[in-house]
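A.B. asks: Chains as they are written, first to last, in the numbering used here: chain A, 1 to 385; chain B, 1 to 122.
The hints are simulated quantities; they were obtained by calculation from the structure and are not laboratory data.
Some hints here could point you the wrong way.
[Unchecked claim] Quick list of in silico lysine-lysine cross-link-like pairs, DSS-like style, CA-CA up to 25 Å:
no.: 1; chain 1: A; residue 1: 61; chain 2: A; residue 2: 50
no.: 2; chain 1: B; residue 1: 42; chain 2: A; residue 2: 307
no.: 3; chain 1: A; residue 1: 278; chain 2: A; residue 2: 33
no.: 4; chain 1: A; residue 1: 278; chain 2: A; residue 2: 12
no.: 5; chain 1: B; residue 1: 42; chain 2: A; residue 2: 65
no.: 6; chain 1: A; residue 1: 33; chain 2: A; residue 2: 50
no.: 7; chain 1: A; residue 1: 61; chain 2: A; residue 2: 33
no.: 8; chain 1: B; residue 1: 42; chain 2: A; residue 2: 61
Residue strings, one per chain:
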Amino acid sequence: MSLSEVFIILAKAVILMLSVSLVVLVLTYAERKALARIQQRMGPTRVGFKGILQPVADSLKLITKEDILPTWADRGVYWLAPIAVFVPAFLMWVTIPVTRQIVVENLDLGLFYITAVSVLSVLGLLMAGWGSASKWAVMGGLRAAGQLISYEIPFIMAILGVAMLAQSLDLTEIVAQQHSVSFALVQPLGLFIFLTSALAELGRTPFDIHHAESEVIGGPFVEYSGAHWSIFFLAEYMNTFTIAVLTVLLFLGGWSWPTMPFEGFLHATLSLIWLLIKTSAVLWLIFWIRGTYPRLRIDQLMAFGWKLLVPLSFLNIVITAIVLFYGLPLWVLTCLSGILLVGAVCIIRLNSSSSMERDTVRLVSAKDVRSKAKFSPLETSGGAE
Amino acid sequence: MSEGYVLNWIAVLVVAAVGLVAILLMFAASRLLAPRRPTEAKDSPYECGIPAAPYHWSQIQIRYYVFAIIFIIFDVEAVFLFPWALIFVESVPIVFYEMLIFIGVLFFGVIYGWRKGVLQWR
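Using the sequences and the hints given, assemble the complete structure.
C.D. replies: So this is what it looks like as structure tokens:
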């Protein structure tokens, strides 16, 4: 190990920081546009061409905004909390490869390291809640802790399922193993568990109870403003991107292309583009879920995590182990996993839709009304029965 | 400890340092650019229109601890499962069956907790 190696890592880390910040800026814009599209609004349009400079304007505004220290705040904990949230989120990127060659440092224990670091941000959220000395923040911090540790189990178990299939914890190796068949086809249940618990880990709708505006007014972040608040924001979007990339790497085959004719630089570029296309698809799914699903109640959230996802993730491990140990063909695992997934979706549907809801809300299309009424809507004011 | 091992963890340290420095630069920029005029009303914790009560340490529900304890059990299990996941195919059969029994015991634990009503948020 020489000094030059350390400098190379330093250069890689700085490039990583810059590119991740850029991605976060793009993501904030993309999410606002996507949500606006779902809700039939325009989204940001004013700053720059089609509002494309909106994230820059936002970040400038946040930096020049006053940082407020609440009266009874625990000063040290309060100021350190954003760092405790951001640094672990950034540390996950040490070992996440974006192509076969481009990675800061490929750790042998890659996946294990990621699961270990990902849980650290709970501490930051608790610190933010505790340090703010505001009851909403305390409640939000505790909710965050309760939620994040509950969904950590299925999250780890889903990752473990992938590690068992690939017989490796090295992310590059895991992608290489998916060269012919991606693990999403082998373990559809694993993908479902991973995405759902990852959404909860991110604290995104429908699992955003720890910063639910209508319940705890923004949770742990309620007292923060300016630069400190923006760090939480940055970490949240960075985590979203991390989860999308991890989903692609672990389940959707990463950058592997069935027949990649090129080598060297062109190969790396095309791999990167292919990975980013897949990642954007996953990101769009996450935004879409945010735009369409209502928030869960805290008891529903805990019940969903412990009574459905945890047993399912155990079953996922067990069926994977059995298929691998007895050397059964992989399509057996696909079938078993698929059956369990269908069962899980049925359980969710049965628990979530009650007959009462269906009776009270009835949507009638305008076309049906007109065809029944047999006259133009303008004349209905006086003549309707 | 091989050289690669040391380099691995130096990389982690370097990335952590870069992340930290980036945040501190941002805070420094904010210190220079942002105004700082605290007033009593501005610094009081968020409250819905009434003056905030100074004592913010409302009681914390015991249920959070219950979930935290269950979490620790499963987290320790995960630590055992990771090394097992990498070797069970090639290893002797007893390794495989032993871990199945271990998972079975924990699964039974979940069922027991469920029946006891621990998993119910009240």
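A.B. asks: If a hint holds in the structure, say so; if it doesn't, say that too.
C.D. replies: Going through the hints against the structure:
1. A:61 x A:50: holds, 19 Å
2. B:42 x A:307: violated, 44 Å
3. A:278 x A:33: At roughly 19 Å apart (the allowed maximum being 25 Å), residue 33 of chain A and residue 278 of chain A satisfy the hint.
4. A:278 x A:12: holds, 24 Å
5. B:42 x A:65: holds, 13 Å
6. A:33 x A:50: holds, 10 Å
7. A:61 x A:33: Holds, at roughly 20 Å.
8. B:42 x A:61: holds, 19 Å
In the structure shown, a violation is registered for the earlier hint numbered 2 alone.
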